[in-house]
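First to last, the sequence lines map onto chains U and E.
The first sequence: position 69 = 69 (my numbering), numbered continuously.
The second sequence: position 165 = 384 (my numbering), numbered continuously.
It is possible that part of the hints are untrue.
[Stated by the list, open to error] Listed next, the in silico DSSO-like pairs over lysine-lysine satisfying Cα-Cα at most 27 Å (straight line):
| # | chain 1 | residue 1 | chain 2 | residue 2 |
| --- | --- | --- | --- | --- |
| 1 | E | 291 | E | 236 |
| 2 | E | 278 | E | 330 |
| 3 | U | 114 | E | 327 |
| 4 | E | 236 | U | 114 |
| 5 | E | 236 | E | 301 |
| 6 | U | 114 | E | 291 |
| 7 | U | 114 | E | 249 |
It should be emphasised that the hints constitute simulated quantities derived from the structure, not laboratory data.
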Amino acid sequence: MDWTVIAQSLPQFTAAFWLTLKLSAIGILGSLVVGALVSLAQYFRLPGLRQLAMVYIEISRNTPLLVQLFFIYYGLPGLGLKLSATVSGVFGLIFLGGSYMAEAFTSGYNAISKGQLESGRALGLTNRQLARYVVVPQGLAASVPALAANVIFLIKETSIFTVIAIPELTNTALDLIGLYYRSNEYLFVLVVAYAIILIPLSVGLTWLERRVRYGTFGN
Amino acid sequence: MAEALLSVRHLEKAYQKNVILTDINFDVHKGEVVALLGRSGSGKSTLIRTLNGLEPFQKGELRFAGEVVQPKAATWLQLRQKIGMVFQSYDLFPNLTVLDNICLAPTKVAKRARAEVEPEAQSLLASVGLAEFADRYPRQLSGGQKQRVAIVRALAMHPEMMLFDEVTASLDPEMVRGVLDMMVDLAKQDMTMIVVTHEMNFARQVADRVLFLDDGTITADTPAEAFFTAPPTASAKEFLASMNF
Numbered sequence: 001m002d003w004t005v006i007a008q009s010l011p012q013f014t015a016a017f018w019l020t021l022k023l024s025a026i027g028i029l030g031s032l033v034v035g036a037l038v039s040l041a042q043y044f045r046l047p048g049l050r051q052l053a054m055v056y057i058e059i060s061r062n063t064p065l066l067v068q069l070f071f072i073y074y075g076l077p078g079l080g081l082k083l084s085a086t087v088s089g090v091f092g093l094i095f096l097g098g099s100y101m102a103e104a105f106t107s108g109y110n111a112i113s114k115g116q117l118e119s120g121r122a123l124g125l126t127n128r129q130l131a132r133y134v135v136v137p138q139g140l141a142a143s144v145p146a147l148a149a150n151v152i153f154l155i156k157e158t159s160i161f162t163v164i165a166i167p168e169l170t171n172t173a174l175d176l177i178g179l180y181y182r183s184n185e186y187l188f189v190l191v192v193a194y195a196i197i198l199i200p201l202s203v204g205l206t207w208l209e210r211r212v213r214y215g216t217f218g219n
Numbered sequence: 220m221a222e223a224l225l226s227v228r229h230l231e232k233a234y235q236k237n238v239i240l241t242d243i244n245f246d247v248h249k250g251e252v253v254a255l256l257g258r259s260g261s262g263k264s265t266l267i268r269t270l271n272g273l274e275p276f277q278k279g280e281l282r283f284a285g286e287v288v289q290p291k292a293a294t295w296l297q298l299r300q301k302i303g304m305v306f307q308s309y310d311l312f313p314n315l316t317v318l319d320n321i322c323l324a325p326t327k328v329a330k331r332a333r334a335e336v337e338p339e340a341q342s343l344l345a346s347v348g349l350a351e352f353a354d355r356y357p358r359q360l361s362g363g364q365k366q367r368v369a370i371v372r373a374l375a376m377h378p379e380m381m382l383f384d385e386v387t388a389s390l391d392p393e394m395v396r397g398v399l400d401m402m403v404d405l406a407k408q409d410m411t412m413i414v415v416t417h418e419m420n421f422a423r424q425v426a427d428r429v430l431f432l433d434d435g436t437i438t439a440d441t442p443a444e445a446f447f448t449a450p451p452t453a454s455a456k457e458f459l460a461s462m463n464f
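Use the sequences and the hints to build the structure in full.
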């Protein structure tokens, strides 16, 4: 292991590190928004939207991100929509993540006992009031573990961005290896960089799960 | 006699072609406590659930306080503010404290001010010995405590009538008494009540009348004492014997 090689590569890796973080953050936020909307359309059986949501989830979950990215980056221009690599990457990540987040939210909502809805109705609460005060707060809390797993999953998926040449971490490492043939050094930095992002995040999310559970159910 | 608070005429309920309730007729007057008895599967729960629209019915008529109840969503939302209901599974909202469970419907549905509802909720809790539980979450309560909170939650809406669907059926034996006592007190305060129960001693103690349901029809509608001392039908007699009564 040649540490000077590593030291020389650090500026490039640092830039890639921040880019990976930035694209992940946008992709995750977008996925959460899409997922929340899709899951509510399904839970409250909104006519039309519910079917649309189902088709979206099936396509999104049953095609690889790699193929989704090829379609967005190389396919869409044929249909008259040309997006930069970065924008394509983020869209792809949101397209993939939205369905995973939707399923996570849905699993949270489904954990709510039917009896609660019934006793809420018996008190005169409308569906909307039930959603706001009963279903969503509990569903959110119950879905945090699944949402957290998706956050980690989506960050790792950004490594696939390399196929459309976005200079994120994996792309940068592969590029440097191609240029200088020092695979040990660059792969080492690559692993460390992902670990710096993912390990503290994973620990933080576990802490958050506990906090949310306590805040919501008092235990 | 004054006009009935609730009157049910020729009510019929079916799931697809499966008829569950046929030609149900009865009245409940203000302040009356009616026990709805019968074997499992006789349709007691289904019947009590049609009275506030949790189960739709196909034929017949329901009147509440003299007005025909139009079986549509908007009417049920209104009516549920006047008819409280408590279930076998306590179903408190686990994300809300005891106090918030109680205050939710009065503030959001009846649109009363929280400042007005809260002291009332506190005093209702105190009256059933749960004053110090106001800020706890449901999971920190025992089954019996939860069920008492569920009753308080329904009472906080100032209902004109209460429906109780086997509210002690899933409680540990030592928890049953506290919940029953609470219902006895309510009856003494002239709350109009329909009670589905398997607690025969309690039914005898608290009910003015017994409706006996047999295979989806009411086969006896008699004063409670008469029902227990001289069961009016062979089936009622068998039923009481099966309950060791």
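Against the structure, the hints:
{"no.": "1", "hint": "E:291 with E:236", "in the structure": "holds (22 Å)"}
{"no.": "2", "hint": "E:278 with E:330", "in the structure": "violated (34 Å)"}
{"no.": "3", "hint": "U:114 with E:327", "in the structure": "holds (21 Å)"}
{"no.": "4", "hint": "E:236 with U:114", "in the structure": "holds (25 Å)"}
{"no.": "5", "hint": "E:236 with E:301", "in the structure": "violated (32 Å)"}
{"no.": "6", "hint": "U:114 with E:291", "in the structure": "holds (21 Å)"}
{"no.": "7", "hint": "U:114 with E:249", "in the structure": "violated (32 Å)"}
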